[in-house]
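Peer 1: I would like the entire structure built from these sequences, with the hints used as guidance.
Here the protein sequences come in this chain order: C and E. For the first sequence, the positions run 1 to 116 when the numbering used here is used. For the second sequence, the positions run 1 to 114 when the numbering used here is used.
Hints are computed from structural coordinates only; laboratory data are not their basis. Certain hints may be false.
Here chain E is said to cover these stretches of chain C; the calculated rule only asks that three of the stretch's residues, wherever they fall, bring their Cβ under 8 Å from a Cβ of chain E [unchecked claim]:
(1) 35–46
(2) 95–105
Over 12 Å on every C-beta distance to chain C, these chain E residues come out as not near it, computed from the model [to be verified]:
(3) PRO8
(4) ARG15
(5) SER27
(6) ASP85
We treat Cβ as the ideally placed atom computed from N, Cα and C, and that holds for glycine.
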Amino acid sequence: AQSVTQLGSHVSVSEGALVLLRCNYSSSVPPYLFWYVQYPNQGLQLLLKYTSAATLVKGINGFEAEFKKSETSFHLTKPSAHMSDAAEYFCAVSVAGGTSYGKLTFGQGTILTVHP
Amino acid sequence: KAGVTQTPRYLIKTRGQQVTLSCSPISGHRSVSWYQQTPGQGLQFLFEYFSETQRNKGNFPGRFSGRQFSNSRSEMNVSTLELGDSALYLCASSLGTANQETQYFGPGTRLLVL
Chain C
1 AQSVTQLGSH VSVSEGALVL LRCNYSSSVP PYLFWYVQYP NQGLQLLLKY TSAATLVKGI
61 NGFEAEFKKS ETSFHLTKPS AHMSDAAEYF CAVSVAGGTS YGKLTFGQGT ILTVHP
Chain E
1 KAGVTQTPRY LIKTRGQQVT LSCSPISGHR SVSWYQQTPG QGLQFLFEYF SETQRNKGNF
61 PGRFSGRQFS NSRSEMNVST LELGDSALYL CASSLGTANQ ETQYFGPGTR LLVL
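Peer 2: Laid out in structure tokens, this is it:
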């Protein structure tokens, strides 16, 4: 079975500061990893995903994440936070195979607050 | 292309009642997954349908069921509602041919059970 741990349920940064949201996964087989963002009263929007190609993945809105197998991590970063980045962020994992059809396993989420 | 739509957006029910939620996937997508989101348990996978067949199921009681129609639209049903069923129910669609595909989420149906 796969699992995801997001370190820090709340992260607060100043506008213009570096954003770092941490995600560690557990999987006995090569994982597919995803970062989603959720704004209040909305569904989830994909920021980026890792599917075993390049380990450094670039996504929308200036976000990127690096897959580090040795650390079982997939941390999300953005060089300069913007007020509009305030939202809840979810890391998720899937794997190949029938037991994972349509199934994403999510972390508990990290609420990002951006201060002016 | 239109996104994933869910109806209704908000719903209030009382304990013991049943409820049906609807999800229309992106055109061309044959897979629909359902998730329950609560403050305590987070996002949990309910089940996935592909070409009218349930391919995968999470750890939820039998009160939670679903189906998919030939046009890929999906419904989920919760019978004998309990207070703990209050949640945001999200559906997501994808092509359904590989697990690394992006799942596109709808806005959700917020269910309140009184």
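Peer 1: Please go over all the hints and tell whether each is borne out by the structure.
Peer 2: Structure-based check of each hint:
Proximity of the segment 35–46 of chain C to chain E, defined as three or more residues with a beta carbon under 8 Å from a beta carbon of that chain, is established by the 7 residues found. Taking a C-beta to C-beta cut-off of 8 Å, the segment 95–105 of chain C contributes 11 residues in contact with chain E, enough for the three needed, and the coverage statement holds. No beta-carbon of chain C comes within 12 Å of the beta-carbon of E:PRO8; the shortest separation is about 14 Å. Against chain C, the non-interface label of E:ARG15 holds: every CB pair exceeds 12 Å, the least being about 25 Å.
Remark: the non-interface label on E:SER27 is consistent with the geometry, its nearest Cβ contact in chain C lying 17 Å away (cut-off 12 Å). Under the 12 Å C-beta cut-off, the non-interface status given to E:ASP85 relative to chain C holds; the minimum distance is some 19 Å.
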